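Which chain is which? The protein sequence lines are V and S, in order.
In this text, residue positions in the first sequence follow my numbering: the first is 1, and each later residue adds one.
In this text, residue positions in the second sequence follow my numbering: the first is 216, and each later residue adds one.
Hints are not guaranteed to be accurate.
What follows is a list of derived Cβ distance ranges for each label pair [to be verified]:
no.: 1; chain 1: S; residue 1: Tyr518; chain 2: V; residue 2: Ile107; range: 43 to 53 Å
no.: 2; chain 1: S; residue 1: Gln219; chain 2: V; residue 2: Gly57; range: 19 to 29 Å
no.: 3; chain 1: S; residue 1: Leu396; chain 2: V; residue 2: Ala55; range: 52 to 62 Å
Over the 12 Å line for every Cβ pair with chain S, so calculated as not near, a few chain V residues [said to hold, decoys possible]:
no.: 4; residue: Ser9
no.: 5; residue: Thr44
no.: 6; residue: Ser72
no.: 7; residue: Glu81
no.: 8; residue: Ile94
no.: 9; residue: Phe101
no.: 10; residue: Arg141
no.: 11; residue: Leu153
no.: 12; residue: Asp165
no.: 13; residue: Gly171
no.: 14; residue: Glu174
no.: 15; residue: Arg175
no.: 16; residue: Arg187
no.: 17; residue: Ser192
no.: 18; residue: Glu199
no.: 19; residue: Lys210
In silico lysine-lysine, DSSO-like type, Cα no more than 27 Å apart, as pairs [as the list claims (entries may be wrong)]:
no.: 20; chain 1: V; residue 1: Lys207; chain 2: S; residue 2: Lys649
no.: 21; chain 1: S; residue 1: Lys648; chain 2: S; residue 2: Lys623
no.: 22; chain 1: V; residue 1: Lys207; chain 2: S; residue 2: Lys648
no.: 23; chain 1: S; residue 1: Lys534; chain 2: S; residue 2: Lys658
Hints in this document: simulated from the structure, not taken from any laboratory.
On a predicted model such as this, the values are computed, not experimentally measured, just so you know.
Using N, Cα and C, we set each Cβ at its ideal position, and we do this for glycine too.
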Amino acid sequence: MEASEILHSLSRAVTEYDPEAAARWAGQAVEQNLDPLVALAALTDAIRAVGDGFACGELWLPDLIAAAEAMSAGTAILEAEIARRGVRQESLGIVVIGTVFGDIHDIGKNMVATLLRAAGFSVHDLGINIRAEAFVDAVIRHDARLLALSALLTTTAPEQEKVIDLLKAAGLRERVKVIVGGGGITRSFAESIGADGYEPTAPGAVKLAKHLLAI
Amino acid sequence: MPRQGFTRRTSLQMLPEEQICALHEATLKVLAETGIRFEESWALKFLAQQGCAVDEAAGRVRFPRQLVEGCLAQAPKEFTLTAPNPANDLLLGGDRLYYSHASGMQTIDIDTLEPRRPSRGDYIDCVRVLQALPHLDHLGCYPYFGFDDMPDVLAIPAGVALHMQYSDKHQMTACSNDAELFTFQMAQTLGHEIVGTIGSSPPLTWSSGAVTSARRIVEAGYALTTVDGAMMGGTGPATVPGSVIVSTAEHLAMVVLVQCLHPGHRMLIGHFSAPLNMRTGSPAFGQIGASLSNVLFNQLWRYYGLPLSNGSPGYVIAKGMEFQAGYEKGIAAALSALSGANSMLLHLGVSSELSAHPVQAILDDDIAGMVGRFVAGEEMREDTLAVELIQAVGPIPGHYLSRPHTRKWWRKEQFIGATADALTYPEWLAGGKKTALDHARAKLADILAAPEQRFTTPAQDEDLERILAEARDYFARRHGG
Numbered sequence: 001m002e003a004s005e006i007l008h009s010l011s012r013a014v015t016e017y018d019p020e021a022a023a024r025w026a027g028q029a030v031e032q033n034l035d036p037l038v039a040l041a042a043l044t045d046a047i048r049a050v051g052d053g054f055a056c057g058e059l060w061l062p063d064l065i066a067a068a069e070a071m072s073a074g075t076a077i078l079e080a081e082i083a084r085r086g087v088r089q090e091s092l093g094i095v096v097i098g099t100v101f102g103d104i105h106d107i108g109k110n111m112v113a114t115l116l117r118a119a120g121f122s123v124h125d126l127g128i129n130i131r132a133e134a135f136v137d138a139v140i141r142h143d144a145r146l147l148a149l150s151a152l153l154t155t156t157a158p159e160q161e162k163v164i165d166l167l168k169a170a171g172l173r174e175r176v177k178v179i180v181g182g183g184g185i186t187r188s189f190a191e192s193i194g195a196d197g198y199e200p201t202a203p204g205a206v207k208l209a210k211h212l213l214a215i
Numbered sequence: 216m217p218r219q220g221f222t223r224r225t226s227l228q229m230l231p232e233e234q235i236c237a238l239h240e241a242t243l244k245v246l247a248e249t250g251i252r253f254e255e256s257w258a259l260k261f262l263a264q265q266g267c268a269v270d271e272a273a274g275r276v277r278f279p280r281q282l283v284e285g286c287l288a289q290a291p292k293e294f295t296l297t298a299p300n301p302a303n304d305l306l307l308g309g310d311r312l313y314y315s316h317a318s319g320m321q322t323i324d325i326d327t328l329e330p331r332r333p334s335r336g337d338y339i340d341c342v343r344v345l346q347a348l349p350h351l352d353h354l355g356c357y358p359y360f361g362f363d364d365m366p367d368v369l370a371i372p373a374g375v376a377l378h379m380q381y382s383d384k385h386q387m388t389a390c391s392n393d394a395e396l397f398t399f400q401m402a403q404t405l406g407h408e409i410v411g412t413i414g415s416s417p418p419l420t421w422s423s424g425a426v427t428s429a430r431r432i433v434e435a436g437y438a439l440t441t442v443d444g445a446m447m448g449g450t451g452p453a454t455v456p457g458s459v460i461v462s463t464a465e466h467l468a469m470v471v472l473v474q475c476l477h478p479g480h481r482m483l484i485g486h487f488s489a490p491l492n493m494r495t496g497s498p499a500f501g502q503i504g505a506s507l508s509n510v511l512f513n514q515l516w517r518y519y520g521l522p523l524s525n526g527s528p529g530y531v532i533a534k535g536m537e538f539q540a541g542y543e544k545g546i547a548a549a550l551s552a553l554s555g556a557n558s559m560l561l562h563l564g565v566s567s568e569l570s571a572h573p574v575q576a577i578l579d580d581d582i583a584g585m586v587g588r589f590v591a592g593e594e595m596r597e598d599t600l601a602v603e604l605i606q607a608v609g610p611i612p613g614h615y616l617s618r619p620h621t622r623k624w625w626r627k628e629q630f631i632g633a634t635a636d637a638l639t640y641p642e643w644l645a646g647g648k649k650t651a652l653d654h655a656r657a658k659l660a661d662i663l664a665a666p667e668q669r670f671t672t673p674a675q676d677e678d679l680e681r682i683l684a685e686a687r688d689y690f691a692r693r694h695g696g
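So that you can see chain V by itself, here it is in the shape it has in the complex (with noise of 0.2 Å):
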């Protein structure tokens, strides 16, 4: 099969919002030998065209979501084959995502998270209720110069402010911009708790993740 077959049917994976398809064609890259990054870049790209679809007002949030989630099935299987081969993969920056504890709303994090994918950084979506600890663990982890903290509740948003106490108590918080967003979320209470930044929109933060990270 030729290789531009197998990229063309990843990229229209994640536009047709087909997760079996993502990860059957990623499969199909690994076993034809075809370079993983070469792979991952059409999956890329065509996130990105459902993000604009997306910002353009053309595609919806089951969109995006849907071709999310359909790039992760492909993603999963491309970023275990980059390992085994121990090849650097490039990309805009690494960024940690995930809602804070005591709190269970994905929605706006997901949207967040497609959208930085979209965008060509590198992110680690932790998912929902996430104990500060483990956040900070994340960072660590996979070195992390983002950190994107979603809280939808007011009674969950405190929740944000422990994460930054642990980063400093832990010496990391030069090393790592902390952004913060959600519907409980304002930019009085962004600055009094010492986060980097806050926008209300999630292709706002892939602009103010660009402007912090200098990019």
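Mind docking chain S on chain V? Use the hints.
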């Protein structure tokens, strides 16, 4: 395939069926004992031949029950109206809901709310907007009662010509003052079907002009819309049931005349009643009394089974395109749609019948879509119940956003308006705090910036101009000018 419109799956009934029967009996009693005044001698003679008791000196016709019920049974319960573009054909009747527009004497300045006489350009712009709006299913009479220096007597034929030139949707036209002599000629020349509309003169009267127009419409083979207009407390009883009886008696009298002239003739029954504003003497459009009247009238006419239209949702007493206009139209539209209207005037009207504006029509189109979506209701099917999906997703951290079922269904289940601001608050602030009116104005600019579409050929334009010139001569001669 006709235009889809909306299919009503949920409905509102004000009274139990036995009380609707009582309303019907009361109407028959009025028709048999009080009768209807017909101000046209041929109609009196003709109705006498059909078995009515006619007092020619008083112009009064009393209708026997059997004749009324027989004619009601003859009138089609559902029929198609063909549009210039077959995709815009209408299938009137049953549970289908379509939207049309109101009209105004003038246009209005959006910023100052000052009315002014529209130009020909304003008229064309308005028709282009009506053509573009997704929920505006067919064109009604006007939208403006004239433009530029066009003599008012020519407003109807001149408007019909512009509708034909700038829209391929079906159109209904007012028949008044002999306008139909020319509008029907236009339709016949272009091969269009048109609906002729006549209005009663409440209480309980059909004018000479309306009766003459009715015969012309029947002879031309076009569907006929009869429109009542009792003002409760003025030209109809102050009570809703009483006023509905007056309106219904007027319609039934015309059903008899038309069905006797041409059995099976297509008729649309239009209700256009409102309470009388007891301070100003003008119709209290937009008030809940108008909706009470629509709901009761609709229930009675659904019992009869003829296609029906409601006019009052398109008219509001609000003077501008703001909150009052929104709630007046929204509530009226929802109640009319739920209670069985097959067609409804909704778009355009501002400040009673004084003014109309395409920006208001753009705002109204969102009301039309939202109300239409509601009356379309819900279907209980395996894929809407989604039990299999619910089981697959399970509790948190499961979610439905990425599921194909969500992508398949969410747009069908939700209605997304063109003018409602749906941004987050910070985005709204950053975007200049735009209101629905701002969005509607922007949409107007988009519609008018698109290339102008013409739906007639140069030869057809010449035909229309020739007929308009004939109309001009006719009315000049008649008025001695």
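Tested hints:
1. S:Tyr518 <-> V:Ile107: 43 to 53 Å: Check passed, 49 Å falls within 43 to 53 Å.
2. S:Gln219 <-> V:Gly57: 19 to 29 Å: holds, 24 Å
3. S:Leu396 <-> V:Ala55: 52 to 62 Å: Given range 52 to 62 Å: holds, Cβ gap about 57 Å.
4. Ser9: Correct as stated: the minimum Cβ-Cβ distance to chain S is 19 Å, above 12 Å.
5. Thr44: holds, 18 Å
6. Ser72: violated, 10 Å
7. Glu81: Per Cβ check, Glu81 (chain V) is outside 12 Å of chain S; nearest 24 Å; holds.
8. Ile94: About 23 Å separates Ile94 (chain V) from the closest Cβ of chain S, which puts it past 12 Å; holds.
9. Phe101: Phe101 (chain V) is indeed farther than 12 Å from all Cβ atoms of chain S, at 14 Å.
10. Arg141: holds, 21 Å
11. Leu153: Answer for Leu153 (chain V): holds, closest chain S Cβ roughly 14 Å.
12. Asp165: holds, 26 Å
13. Gly171: Holds, since 32 Å exceeds 12 Å.
14. Glu174: Its Cβ never comes within 12 Å of chain S, the nearest being 29 Å, so this holds.
15. Arg175: holds, 29 Å
16. Arg187: Label violated. Min Cβ-Cβ 9 Å, cutoff 12 Å.
17. Ser192: Its Cβ never comes within 12 Å of chain S, the nearest being 18 Å, so this holds.
18. Glu199: violated, 9 Å
19. Lys210: Given that every Cβ of chain S is farther than 12 Å from that of Lys210 (chain V), nearest at about 18 Å, it holds.
20. V:Lys207 <-> S:Lys649: With a Cα-Cα distance of about 23 Å, the restraint between Lys207 (chain V) and Lys649 (chain S) holds, given a limit of 27 Å.
21. S:Lys648 <-> S:Lys623: violated, 33 Å
22. V:Lys207 <-> S:Lys648: holds, 22 Å
23. S:Lys534 <-> S:Lys658: holds, 21 Å
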